[in-house]
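Chains as they are written, first to last, in my numbering: chain L, 1 to 739; chain W, 740 to 1097.
Treat each hint with caution, since some may be false.
Stated by the list, open to error - The following label-pair restraints were derived from C-beta to C-beta distances: (1) W/922 with L/619: 54 to 60 angstroms; (2) W/760 with L/536: 56 to 62 angstroms; (3) W/751 with L/490: 30 to 36 angstroms; (4) L/614 with W/747: 26 to 32 angstroms; (5) L/371 with W/1003: 36 to 42 angstroms; (6) W/747 with L/365: 51 to 57 angstroms.
These are computed hints drawn from the structure, not numbers from a lab.
Small disclaimer: the values here were computed from a predicted structure and weren't measured.
Just so it is clear, CB atoms sit at the ideal spot from N, CA and C, and this is done for glycine as well.
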Amino acid sequence: MLTDADLESGAYAGSLVAVGDIVLRTVTEADLAEGGAFEGVEVAIGHIVRYTVKNYDLWAEGDYHAVGYEIGDMVRIVITAEDLAAGGLFEGSELEVGDVGYVVIDASNLALFTGFLAAGDVIDGLMLDADSTDTWFQVGDVAWVEADQAYKQLTNANVNTAGAAYYQTFRTAGTIVSADGIHPPKLMTAQMVAPEGIFFGQPGISVGSIKFIAVTAAHLAEGGLFEDAMIAKGDKVFVTIDQYDIEPNRIDLLIEQGVYREVLGVEADNLVDRIQFFRDYGGFFTKGVWGLVTLGEIPTKTAGGDASWYRGWPVIVARSLNQADYPSWVEADNSRSLMTNGVIVLVVTLIIAAVWFMNVRDAYRSALLYEETGRVEEPKKYLRRLWDENFGYIITLPTFLLIAFFTLIPFLFSFLTGFTSWDSNVAFPQELFDWEGLVSFRAVFASGSDGLKYFGSVFGWTITFALLASITCYILGLIQALIIESKYVAFKKFWRTVYILPWAIPSLVTLLMFRNIFSSIGGLANQVILSIDTAAGAPNLIVGLKSFLYALGLYREQVPGAFDASYITWFGFLNYRLGRVLILLINLWIGFPYFMLLITGTLTSIPSDMYEAADIDGASSFQKTRFITIPWVLRATTPVIITTLTHNFNNFGVIYFLTGSVQNATYTFNDLGEMINVGVPNSAPSIYDILISWVYRLAMLTTVREFNLASVYSIIIFLMVGTFSIYNLSRVKSFWEED
Amino acid sequence: MKRFLDGFKRHVMKRIAAARQRRADARVMRIAFRRNLRRVKVGGAFGIFFTYLWLVVCLVIVIVPILWLVTAAFTDVNVIIDNPDGSVTYNLTNNNALAEVVDSYLGADSGSNVYGLFPLVPDLRKFSFSNYRFLFTYDLEPRFDYLKAFLRTGAIAILNTVLVVLFSSLTGFAFSRYKFKGKKAALLTLLTLQMFPAFMGMIAIMGIYDTFNWTNSWFWLTFLYVAGAIPYNTFIVRGYMRNVTKSLDEAAAIDGATNLQILTKIIVPLAVPIMGFIAVNAFMGPWLDYILPSIIMNAKPTVGVLLYQYIGGGVSSLVANPVVFMAGALLIAVPIMLVQIYMQKYIVFGLTTGGEKG
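Bound-form chain L, shown alone:
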């Protein structure tokens, strides 16, 4: 029998039990009393019995909180080849790899059961229990790899290479495959289960294990677990446990009796106060308003990390089929859904209010009409009049509804996110976020804060990029249009068609193609330069190119004297000026045809009598271009220039598809205010980011997820761009003319 000494400092120190484990337990008086674990069972105080650990036994108030394995406990394991080998737990048994086996803990094997996830455990996967006859092994499956003598995730080398162990072989039992068809099963490594790892401290992987209980009278009674089963009280049976295997009615009973308070530490007196009326009994609208105001009150876990209870029920994440007995308000709150529904409720309510108002007004008018003339309008005439008078409204109605639902509601949601606390600290959906007001705004704009410095430098580059991108594309487009239109050029249509190609091909394709061309290793640009050098025998071209770029201030990866024949990093951190210039050039390549087309079209609309007048006055063709063509074109395309400026301010695609995958270009400021490379993707912007791609990084990268910050910057972008556009539009008088 185990002694205290063994548990404190011996080989069994630190092991903990898990749900479903069967432990040896000495029966006490409390166990036999009403509500105790062995109520009604034919055991006596002092007996040592087998008891199955349940879910709530492990919680802070439970009997088995932080209790270790002991000799005599029984644990369920999935058999591996190790267990069947010599010296393993199941050496010589008739079981096979992948079978479920039960191990009774004794002195020799206790060390194996630490109770937490261990390296080598597999999660997110399904173990095949039979050989497959139609599916080959895939990359990502977890199977036994001879070379490593371990279960590993299969790679290309094992699966797709001819002659490899799993090349075109049908899957065998014991293979662990993807449970959802998308994500490969996850193999725990020692790192993940170490104290700093992501799965540290998560017990309960043995859901699905079998529990071994003694049948009681309650089990056999109506509504009990074994109603109508052909067993008798006192038999010992196996029952499959599921995570919520608690008898809810017992809890209510226990609360009334006051036992609950003692057993699980919840204040029974406060139960009434804890009822959230609108949450529990409100319909879509009332609950929506409540949700919008409070953003959820009942989380899955309390602040201390313990499971939370609400009105005597354990709070669950989502009701599954075998929990149909649970009332709907036992589900934990999900702040995102609550905010979404709240916004929907807000908008729908406004629409309904508008309709109601029109209704009332119409009734008022009809009543007036009746008072004056003693008659009421006939329905047919009424409808016809309604149709004719409000035809404008009616045909805009579908558009209006579409915009309200698919544009306005997401807009409101994102707008409001800036005022919440939803950032990377909130482990959505387990935790809730709440209204915070202007905290995020203050964090961004606090003087001397990092947020302000980032904002300053990113904003500076955004404005520079917008201006330069628009101007260069416009100028080149103008030049091309003028040249092609000149009377010396033949085959105008051919030139125009060819020059349209960069714009005609969808930008996603061309941008990714350029990213490949300018990638460091194996990119076309580097390869061409290097191959020319190889053919010539000396690295003249690349060294010359590097010194040229260095002289221009664009290249900083190497310094003069150290230029060698290694490839140029076009989109790196040190060469960021080179990368930025490259972005502008690529944008120029893609964007100039648009302006060329536009200006060509505008050129045809210039009245020719102006040119004739100029000819009479003896103007040269250069003068004609400078004083007639260019001013006319400029004035005619001003709205387009403004639109393009706005578009380039928010030109997400160019920046993201060219440099978004450059992970190590994020930067931060050191004490001197200089930019230094950070490397790890986090909430810092990359050196190539404009405002909008930074917002994307903040919101979409799974490692970052600073939604409220992203929303704050979106609001800033929105205010800037919106004001600029409205200001410009208001100056275009014809826009507001009521014709």
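Could you slot chain W onto chain L? The hints should help.
Leaving out everything else, chain W in the frame of chain L:
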């Protein structure tokens, strides 16, 4: 029947006359061109030379990347291997694919000096359709079914076109013709709602689509495109409609036409050019769009999302083959390109009309 034949004959005569006119115009242009050329003096000759030099240089800069794209799409990078027993192996991950293409492009492993001297001439011996074969036959994962994705995206494009043309024409017409309360406010709202970065709304859209179970449904995805396209197109239609005189409406109204009849019989035929412009844009939009479908359509991707998988974007990081991406993208890009080139006239028309008067 007779009316039909008459109409047909008239139509044919019109076409013949137009062709005749075009030929006459071309002849006039050729004569004028030759006359101009003959009047060129020495100084002007330099001008012509430099002009053509510039044009040729620009041509090279424009063509070379595109040529590379086309070459990569048709280069065999062992992505699909025929086994001797008749089955095929798919080699999904090939991070060296790009380098192999470049090598082929540069003739690196051809061993011949000739290719080494002309590094930008593709090695035609490596030409193959294998990438396309891979795209259309890979079916080990239902997510990667190219044909289905193609059809799905096509359905989205068609529905998008119909709805966008319908809604923006109606709305643009209403804004240009009818005075009603809140018109200015509505215009401003339409304009400003567009300014908010679209993907911030993605999170909300994720939530909404989850709640209503609309994920992976191409039908509901289309509404997002439509909602996004309506404001801009409404402005274009509005700008165009303002050039259509109101007196037509009034004349029809005097003759007793109802609102609906004015709309369908007078306005719509006049608005066909601008509706054509909107239709072309709306049709081409969804094909290679990546960000929006990547959030909603994970199990049933559109073509853009599917192709992006091949560059390691998206869910499965087990797949990385940029060459397959280029092949697939080229397949989509070619029709889009042809449409753009062919519709040049309409595009310029739409841009100038919509752009000039706001």
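Here's how the hints hold up against the structure:
For residue 922 of chain W paired with residue 619 of chain L, a C-beta distance near 47 angstroms fails the hint of 54 to 60 angstroms. Restraint check, residue 760 of chain W to residue 536 of chain L: a C-beta distance of roughly 57 angstroms satisfies the suggested window 56 to 62 angstroms. Residue 751 of chain W and residue 490 of chain L have their C-beta atoms about 33 angstroms apart, which keeps the hinted 30 to 36 angstroms range intact. Between residue 614 of chain L and residue 747 of chain W the C-beta distance comes to about 48 angstroms, which lies outside the given range of 26 to 32 angstroms.
Between residue 371 of chain L and residue 1003 of chain W the CB atoms are about 40 angstroms apart, so this pair conforms to the stated range of 36 to 42 angstroms. As the Cβ distance of residue 747 of chain W to residue 365 of chain L is approximately 55 angstroms, the hint placing it in 51 to 57 angstroms holds.
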